[in-house]
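*Asks:* Residues per chain, in single letters:
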Amino acid sequence: MAGSPAEVTLTQRLLKGGHSGYAPWLDRRPSRDVIERIGLPALRSEEWRHTNVRRWYEAVLANGSSRAEEAAAIAAPAAIEVVDFASPRAAELAAAGPASVIDLASQPLAAVNALLLRAGAVVRAPSGIRSTEPVRIGALNGAFQHVLVHVEAGASLTLIEEPSAFTHRVIEATVAEAGHFCHWRRQARSAERECSLVAVRLQAGANYALAQTSRGADLRRNDIRITLAGSGAEATVVGAWRLHGHDHLDNQVAISHAEAGGFSRQTYRGIAADSARAVLYGRIHIAAGANQTDAALSTKNLLASDAAQVFAKPELEIHASDVQCRHGATVGTLDDAAMHYMRSRGIGEEAARELLLAGFLREAIADAEGAELVGLGA
Amino acid sequence: MAESAEINALVEREYAAGFVTDIAAETLPPGLDEGVVRAISAKKGEPEWMTEWRLDAYRRWRKMRPPRWAHVRFPDIDYQAISYYSAPTGDKPKSLDEVDPELLRTYEKLGIPLHERAKLAGVEGADESAPVAVDAVFDSVSIATTFKEELRDAGVVFCSIAEAIREHPELVRRYLGSVVPKPDNFYAALNSAVFSDGSFVYIPKHTRCPMELSTYFRINAANTGQFERTLIIADAGSYVSYLEGCTAPMRDDNQLHAAVVELVALEDAQIKYSTVQNWYPGDEQGRGGIYNFVTKRGACLGARSKISWTQVETGSAITWKYPSVVLRGDESVGEFHSVALTRNRQQADTGTKMIHIGRGTKSTIVSKGISAGRSQNSYRGLVRMNHGAAGARNHTQCDSLLIGDHCGAHTFPYIESKLPSATIEHEATTSKVSDEQLFLCQQRGIDAEKAVAMIVNGFCKDVFRTLPMEFAVEAAQLLEVSLEGAVG
Amino acid sequence: MSNALLEVDSLHVEVDDKPILKGLGIAVQAGEVHAVMGPNGAGKSTLANVLAGRPGYAVTSGAMIFDGVDLADRLPEERALLGLFLAFQYPVEIPGLSNMEFLKAAIDARAKHAGLDEPSAADFIKRAREAAGRVGLSADFLRRGVNEGFSGGEKKRNEILQMLLLQPRLAVLDETDSGLDIDALQVVAAGINAFRSANNAVLLVTHYQRLLNYVVPDRVHVLADGRIVRSGDHTLAEQLEQKGYGWLAS
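These protein sequence lines map, in sequence, to chains A, B and C. Going left to right, the first sequence walks through residues 6 to 383 as our numbering numbers them. Going left to right, the second sequence walks through residues 1303 to 1790 as our numbering numbers them. Going left to right, the third sequence walks through residues 1439 to 1688 as our numbering numbers them.
For the record, the hints were derived by calculation from the structure and aren't laboratory data. Treat the numbers as computed from the prediction; the structure is a model and nothing was measured. A portion of the hints provided could be inaccurate.
Some chain B residues judged to face chain C by a derived CB distance under 10 Å, without partners named [to be verified]:
| # | residue |
| --- | --- |
| 1 | Ala1327 |
| 2 | Lys1484 |
| 3 | Ile1659 |
| 4 | Ser1736 |
| 5 | Glu1738 |
| 6 | Gln1739 |
| 7 | Leu1740 |
| 8 | Leu1742 |
| 9 | Gln1744 |
| 10 | Gln1745 |
| 11 | Asp1749 |
| 12 | Lys1752 |
| 13 | Ile1757 |
| 14 | Gly1760 |
| 15 | Phe1761 |
| 16 | Asp1764 |
Yeah, the Cβ is synthetic: ideal placement off N, Cα and C, and Gly gets one too.
Hey, can you work out the whole structure from these sequences and the hints?
*Replies:* Below is the structure:
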């Protein structure tokens, strides 16, 4: 297969190389299969139109062997079981839990992750356990990371991803009947090239809430795939970003309603300054038969300079008739009238702008505690 | 609920324009090579530069692949199995009296007036309506253009493109391919190589075209592609309203229609382009029907120029169509108003592109998609604010209405901005004809079929409002007919 | 009794397989106003909807005879054309379809049914404007979509307007008084009183007595658990106002 030198070298290495011996129970064949059959995403494919995936391959080649050992940092309350992939218990949990929710064919980067994996953990919220104390994920030791989350029936789990570096990170979660999974995600400004995948499957009556704030990176791509596989499941995604310099952020979110009575909300607020580039693809898919679905997406974007760019593609794909579905997208700049109003009250231009921008981002995350948690506090 | 079942039973009705005209025709054998391109050019009596232009397009087309990104499914087309030229035999008639009566009857049956006293049929109060000049294109040739005298007096040129190549080569050479370049896409390249006929319009400076201009396209011959080419040039300060209609017989094979339409609006000029597209959509099982793969684009070249597209799409097995506007002139305006109704197994992937280049440019998009039966209906649109489009604005409203549980309604908007002073607003909603709406109408004594038609009409109102009166009535009727039998 | 305008006999109705009306009987003569009152969940709205033939309301036994015609298996529009009108509790919005077109279609359907010519557009507009004035809706309402963006009060006024225009034999008003301020309540009441005549009848379905201060009913029925448990003259409504429904329940 043709491709850039980085791509070709990477493909060859992935197909030839054995794994490091880390977590030998992991079945890596499907990943190798996908790389062999489908290959790596090519430049100019629709999904990668706005992110130069070659530059990420370069990062993989640079970081793929290993990085300096760091202390694995997962802090968890006693009721929640956290096990490193290296332990035999992880194999047990993975085997006992639901099947993988990752569609490797559409997520080849996750296949790269699996073949180069050095850091992984299973997080299990046992049936009926309602934990209020969060699990915190800090820096993990390895450029390729996989956190497997099982929220069992009626359990509730809060997970906080602290800002930390990686080349590729997978958060894979299943939420069983009536389970709750609350996911906070903070992405700090970074000079690295980072991609991640969040893949979540919700059973009947389960609930997932993701709040994500992102500063830019040299290259940052977040793929988020949520499937409402049981009736009456709910998913809420809020995202806020503020980009400067040459920051690049590409968020690709898809929410798929497979069963009736589902509810989903997506709210995004983003600011791009200097020559930053922000991308949001937000997709709502409603399968045949998923009636009484209520799904909505709102994205608002501010451009703060002549060189900044924003690309938005909110999509609806609907195969059921009895649904309520809508999306809205805006791109513009700060409201002159609001600026003028504040200045007429004696607030300086810079301060006024800062207040308005911060307020704009906070529209995404309404509750103050949450805003504080993801770094949007007033 | 009971009524949902009734609505589901919706939508089957004979296609009224599905008859075949039995007329002697000269048809090129199927297949495409340089010889065929030269033969078409020769039949049209074209000058050398035109032949070369076509050959260049053909050579580019051979290196291209059909687009695959649209939300439509169909087997690969064998481009060597299509005939690229079919024309009724005999010389082109000098006047209406010389037109084959069989052809005149065809247009009469379709309600298209080729007599200069007549008006578009199916119009309430037709006696009071303004005259409409018609160019009638039958398979590969224009058979008649009406009101030529009156238009000539106003300085307006309205003729077939073949005639324009002979009579107005300077305008054709300057503008043909200037808005849709030959290699723009696979189908546009194919059209550039083999286009047979179509309409040409030139409105001189500061002239308001004295009547609506209209082209009526009819595919009759079997196994033949139709590749018309339309070019409309509105010179500075002029205005024209142009209408386009189309039908085809019912046949079990799919037929290809790959048209290219180019609009050019100079300073302060306005072009209003309205389409009522009713190509044969295929039967209930999805057999037959037209593949409507069309490239339509307008260029607002001059400052304060304006181009409006209005389309009512009810026909075709597959529609692939994105009437677009390139807003180059400062403060120029682009509009796209669309109603797309799909039923049975029709597939439509349609929308628009608004490319903002000039300062203070404005665009408005209103799209209403109605899906019924087992059809798939997608809106696909691009709004791009380029560097330099300071103060530009776009507003997009995209609504889908679903009738029944086996159809799909999809929305794929691409929003791209590269400057802070531009504003883009996009909104999309999805709804269905609700049991409550239907019951309210019924409770007031309106039967279910009429109620569905009224509700769908209400849903489309924002678009119908932008059509010329004659077409608005026709469009509403067409919609009603398409929905007839909707409620069992 | 056989010449009653509406006669409902031992009516059993199920919604989603759940019995709601359990042997309800009521008879309304031309020229009368009846009020059906009762606690929430008693089946009041079910009665209104089943009369109008709303899908989802299954008659399992019993009969509804309207002006000598058995309503069973009649389509909603057939019942409407017979002269049965329902003022909805929650009137639905139909975006884009103007009140003008909607009302004209309803009136034309009625004219056609009666074998009359459709009224001219000018005549229709005149009548519609006049009716709008009587319920306090401004004339521009005719151009707006059916109930589109209407307040709760405007929707109810629109229902009364339609009743006045369509002149049914029997008007069933489903909680038309709920959620109205005092001004709107008086407008609605005045509309009903203007409508009353010796040839037609009104069935008021309501939870509260307050509308009955303005529209005095000939008969008041208490509906509880799917049956009429008590009937009387208008003083029964006053008793209910004072004592609530509890004393009737057992």
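*Asks:* State for each hint whether it applies.
*Replies:* Going down the list of hints, with the structure as the test:
1. Annotation: Ala1327 (chain B) was flagged as interfacial toward chain C, and the flag is violated, the nearest CB pair being 44 Å apart, outside 10 Å.
2. This hint is violated: Lys1484 (chain B) has a C-beta 41 Å from the nearest C-beta of chain C, more than the 10 Å allowed.
3. Interface restraint check for Ile1659 (chain B): the shortest CB-CB distance to chain C comes to about 34 Å, outside 10 Å, so the restraint is violated.
4. At about 7 Å, the closest approach between the beta carbon of Ser1736 (chain B) and any beta carbon in chain C falls short of 10 Å, and the interface hint on this residue holds.
5. Because the smallest distance between the Cβ of Glu1738 (chain B) and any Cβ of chain C comes to about 4 Å, under 10 Å, the interface hint for this residue holds.
6. Taking 10 Å as the C-beta contact cut-off toward chain C, the hint placing Gln1739 (chain B) at the interface holds, the least distance being around 5 Å.
7. The interface hint given for Leu1740 (chain B) is met, as the beta carbon of that residue sits about 9 Å from the closest beta carbon of chain C, less than 10 Å.
8. Restraint check, Leu1742 (chain B) versus chain C: the minimum CB separation of about 5 Å is within 10 Å; hint holds.
9. The beta carbon of Gln1744 (chain B) is positioned within 10 Å of a beta carbon in chain C (closest approach about 4 Å), and the interface hint is therefore held.
10. Interface restraint check: Gln1745 (chain B) against chain C, minimum CB-CB distance 5 Å, threshold 10 Å, status holds.
11. Taking 10 Å as the C-beta contact cut-off toward chain C, the hint placing Asp1749 (chain B) at the interface holds, the least distance being around 5 Å.
12. The restraint placing Lys1752 (chain B) at the interface with chain C holds, with a minimum CB-CB distance near 7 Å, inside the 10 Å limit.
13. Hint status for Ile1757 (chain B) relative to chain C: holds, with the closest Cβ pair at about 6 Å, below 10 Å.
14. A distance limit of 10 Å between C-beta atoms decides the matter here; for Gly1760 (chain B) the minimum to chain C is near 3 Å, and the interface restraint holds.
15. A hinted interface residue such as Phe1761 (chain B) counts as satisfied when its beta carbon comes closer than 10 Å to some beta carbon of chain C; here the least separation is about 5 Å, so the hint holds.
16. This hint holds: Asp1764 (chain B) has a C-beta 7 Å from the nearest C-beta of chain C, less than the 10 Å allowed.
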